[in-house]
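2 protein chains.
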Amino acid sequence: MMKMKLVAVGSLKEAYWKSAFEEYAKRLQKFVELSVVEVKEYSVQSLGSAENVIKAESEAILKELQGTVVLLDIQGTMVSSEDVSQLLQTYAGNGVSAVTFVIGGSHGVSAEVKQRAHKRISFGRITYPHQLMRVIFAEQMYRACTIWHHIAYHK
Amino acid sequence: MMKMKLVAVGSLKEAYWKSAFEEYAKRLQKFVELSVVEVKEYSVQSLGSAENVIKAESEAILKELQGTVVLLDIQGTMVSSEDVSQLLQTYAGNGVSAVTFVIGGSHGVSAEVKQRAHKRISFGRITYPHQLMRVIFAEQMYRACTIWHHIAYHK
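For the protein sequence lines, the chains are W and R, in the order given.
Numbering-wise (numbering that gives the first Met the number 0), the first sequence opens with residue 0 and increments by one.
Numbering-wise (numbering that gives the first Met the number 0), the second sequence opens with residue 0 and increments by one.
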């Protein structure tokens with residue numbers, strides 16, 4: 000089973016985001032070995048500048064990157080759900096056993112994280128709150144796996 | 000205050016989607032007069048074909064369209080959150096007092112609904128479950144209004 004690691008800045012706070020994420024994570028775990036690492040979210044107030052926030056969060060992210068790395072990036076390559084599924088299938092076909100997905104903080108990630116990423120994909124040009132982005136990620140990964148394994152999407 | 004009407008196929012079932020939608024709808028109502036109309040969702044099993052589903056759902060949608068109509072369409076013009084905000088501001092500047100947004104069913108909408116739409120916008124090329132799409136809609140409209148009114152986005 001493919002190992003899928005999600006590295007995300009910040010944690011889920013609202014109960015509805017937690018429940019939604021857990022629902023899709025549970026479904027996803029039938030297809031991949033999912034692990035989630037939450038990296039500390041910093042504020043401009045505490046670190047003085049957005050640059051410092053990016054630096055602190057990105058250093059923590061870099062320590063967690065394993066295997067093939069995919070960055071979720073609003074400016075990345077626009078993908079469809081079929082593209083996401085194809086990406087996972089290609090990795091599996093190429094013998095990739097571990098994929099790490101990264102959801103950066105609200106100020107973005109460092110150039111180093113971007114360079115470390117094998118792929119930068121975008122789910123659209125709209126800005127999402129981080130917690131919602133995590134829910135969307137889990138749902139899309141579950142959807143990608145249902146396409147991959149020719150299984151009906153459970154609504 | 001601008002009237003914003005959402006016409007969506009199907010209803011919110013899971014408690015977490017309901018809570019998330021209500022949270023953003025509540026925030027949004029500080030900026031617009033929001034109303035939500037849920038149109039009956041049909042299944043291929045009950046109507047025999049996807050075409051029949053599109054026809055039945057679209058006829059119900061057409062009856063609910065008022066004022067300027069914006070269709071959320073995976074194949075529409077890709078927009079950013081700033082674009083969505085600009086769209087609302089332009090409508091307001093042009094004296095538009097009522098905007099209807101449409102979220103179609105899983106099989107899409109008829110050519111008539113597409114033609115009736117003044118604008119077809121896309122939040123991305125990935126496929127979302129309908130309930131999640133409604134949450135994303137409410138969040139984006141709230142975000143668009145905060146950009147419009149220069150108010151800090153409440154995380």
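Hints are computed from structural coordinates only; laboratory data are not their basis.
The structure presented is a predicted model; accordingly, all values stated were derived computationally and were not measured.
There's no promise every hint is true.
No copy labels: a pair is met if it fits in one copy or bridges any two.
[To be verified] Calculated cross-link-like contacts (lysine-lysine; reagent style DSS-like; alpha-carbon spacing at most 30 Å): (1) Lys12 / Lys118; (2) Lys113 / Lys154; (3) Lys54 / Lys25; (4) Lys29 / Lys54.
So, against the hints stated earlier in the document, which numbers end up violated here? 3 and 4
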